[in-house]
Amino acid sequence: MSSIHAAGVRHQLCLDKIIAITASINYSYIHYTNGTTQLHSRTLKWFSDQFPSLIRIHKASLINTAQIYHYHLPAIKNSGGYVIMKNNMRLDVSRRLKVKVRNHLQPQSTVVYA
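Everything in the sequence shown is counted per the UniProt record's numbering, starting at 1 for the first residue and increasing by one.
One should not assume that every hint holds.
To be verified - FRET-style restraints, in silico, Cβ to Cβ: (1) Thr37 - Lys77: 30 to 36 Å; (2) Ala75 - Thr37: 27 to 33 Å; (3) Ser41 - Ile76: 35 to 41 Å; (4) His104 - Gln50: 15 to 21 Å; (5) Thr43 - Leu15: 16 to 22 Å; (6) Tyr32 - Tyr82: 19 to 25 Å; (7) Ile76 - Asp16: 32 to 38 Å; (8) Asp92 - Gln50: 22 to 28 Å; (9) Arg90 - Tyr27: 19 to 25 Å; (10) Gln106 - Pro52: 15 to 21 Å; (11) Pro74 - Leu39: 17 to 23 Å.
Source of the hints: derived by calculation from the structure; they are not laboratory data.
Glycine included, every Cβ here is placed at the ideal spot set by N, Cα and C.
Model the full assembly from the supplied sequences, consistent with the hints where possible.
Rendered as structure tokens:
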């Protein structure tokens, strides 16, 4: 379990309970498995550096691969596809990162590909 200091309060972060982290300019939203979302004043790059087990799928998204339900592979070359998380959150995959995402997910047999 890791911790992060935000707004004068130290928050405990359990990576198993994080579904995704999405960015909005210089702020990040942490989406948890229990349906809650926390706003933090850290950038997505900071979270990416601190938690290498989360993979970047887009310039505005980091995901916990253990929380992926479905990865839709694109039918056309100009698209990266998208992932559906276990809480039904849909996140786009960048076309430049789709090979990295696919290679990272290959060993996981629980992910459904379409």
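Hints, one by one, checked against the model:
1. Thr37 - Lys77: 30 to 36 Å: holds, 34 Å
2. Ala75 - Thr37: 27 to 33 Å: holds, 32 Å
3. Ser41 - Ile76: 35 to 41 Å: Given a distance of about 37 Å, which is inside 35 to 41 Å, the answer is holds.
4. His104 - Gln50: 15 to 21 Å: holds, 18 Å
5. Thr43 - Leu15: 16 to 22 Å: Roughly 18 Å apart at Cβ, these two residues keep to the hinted range, so it holds.
6. Tyr32 - Tyr82: 19 to 25 Å: 21 Å Cβ-Cβ, so the 19 to 25 Å window holds.
7. Ile76 - Asp16: 32 to 38 Å: holds, 35 Å
8. Asp92 - Gln50: 22 to 28 Å: For aspartate 92 and glutamine 50 the Cβ distance comes to about 23 Å; the hint holds.
9. Arg90 - Tyr27: 19 to 25 Å: holds, 21 Å
10. Gln106 - Pro52: 15 to 21 Å: holds, 18 Å
11. Pro74 - Leu39: 17 to 23 Å: For proline 74 and leucine 39 the Cβ distance comes to about 31 Å; the hint is violated.
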